[in-house]
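Undergrad: Turn these sequences into a full structure, and let the hints guide you.
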Amino acid sequence: MTFGSMVADLLQGLVVSVEIFVFTLLISLPLGIPLALARMSKNRVVSGTVAVWISIVRGTPLMLQIIFVYFSPYILFGMPLSRYPRLLATVLAFGLNYAAYFAEIYRGGIQSIDRGQHEAAKALGMSKGRTFFRIILPQTLKRVIPAIGNEVITLVKDTSLAFTIAVAEMFTIAKQLSSANTTMTPLIVAAVFYYVFNALVAWTMSRLEKRYAYYN
7 MTFGSMVADL LQGLVVSVEI FVFTLLISLP LGIPLALARM SKNRVVSGTV AVWISIVRGT
67 PLMLQIIFVY FSPYILFGMP LSRYPRLLAT VLAFGLNYAA YFAEIYRGGI QSIDRGQHEA
127 AKALGMSKGR TFFRIILPQT LKRVIPAIGN EVITLVKDTS LAFTIAVAEM FTIAKQLSSA
187 NTTMTPLIVA AVFYYVFNAL VAWTMSRLEK RYAYYN
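Residue numbers are given in the working numbering: position 133 of the sequence shown equals residue 139, and the series is strictly consecutive.
To be clear, the hints were calculated from the coordinates, so they are not data collected in a lab. Among these hints, one or two may not hold up.
Calculated pairs, DMTMM-like style, for lysine to aspartate or glutamate (alpha carbon to alpha carbon, straight line, at most 20 Å) [stated by the list, open to error]:
| hint | residue 1 | residue 2 |
| --- | --- | --- |
| 1 | Lys-148 | Glu-110 |
| 2 | Lys-48 | Glu-110 |
| 3 | Lys-163 | Asp-15 |
| 4 | Lys-48 | Asp-164 |
| 5 | Lys-163 | Glu-25 |
It should be emphasised that the depicted structure is a prediction, and the values quoted were computed from it without experimental measurement.
TA: Here is the structure:
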């Protein structure tokens with residue numbers, strides 16, 4: 007194995023890792039908002055159900071959730087595993103997991119908004135929906151960027167857990183190359199790729215945080 011071919015293989019795995027990362031955010035970031043609102047609902051059944059679900063997701067390993075999501079169609083419906091793409095199962099598990107964390111972050115942000123703003127909007131004749139999307143949500147997103155940034159950075163590293171169901175992301179390929187060639191080089195190169203990936207994400211989140219900071 008030449009160094010060039012090893013890097014090429016790892017870059018193929020990196021593409022899969024980026025796909026998991028991007029699709030997870032596309033699912034979890036928007037899904038966290040309705041979950042946060044349901045968690046805050048005055049209907050005890052709705053809020054209680056969501057609270058229990060979030061508690062289960064946050065209280066069990068993501069690795070276990072990936073396995074559960076992958077094997078559930080077979081166990082529940084007898085669906086052949088060959089028809090259920092591993093990458094799809096991984097993205098669904100990641101999306102649901104991170105949506106639970108983002109829901110709690112959003113909930114904290116929403117509850118931090120002064121109640122007087124709701125009352126002022128009501129006095130101006132604004133509906134609850136318009137008040138939320140025009141006044142509350144923009145301020146919430148601005149406030150929770152640092153907390154979201156921490157979770158997004160964690161997601162970069164968590165993509166390696168896709169190896170649980172043999173998804174050929176970068177960590178899986180690095181382990182295979184390392185075992186086949188009895189060398190640590192693929193793992194070291196993968197670590198460098200992860201670091202660069204994470205550094206880019208951290209830089210992006212830092213720029214967002216500075217751009218939308220309350221105080222300059």
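Undergrad: So, for every hint listed, does it hold in this structure?
TA: Hint check:
Restraint check: the Cα-Cα separation between Lys-148 and Glu-110 comes to about 15 Å, which is no more than 20 Å; the hinted pair holds. Between Lys-48 and Glu-110 the CA atoms are separated by roughly 16 Å; this keeps the pair inside 20 Å, and the hint holds. For the proposed pair Lys-163 and Asp-15, the alpha carbon gap of about 19 Å is at most 20 Å, so the pair holds. Only pairs whose Cα atoms come within 20 Å are accepted, and Lys-48 paired with Asp-164 is rejected, the gap being roughly 34 Å.
The hinted pair formed by Lys-163 and Glu-25 meets the criterion: a straight-line CA distance of about 13 Å does not exceed 20 Å.
The structure fails hint 4 only (numbered hints given earlier).
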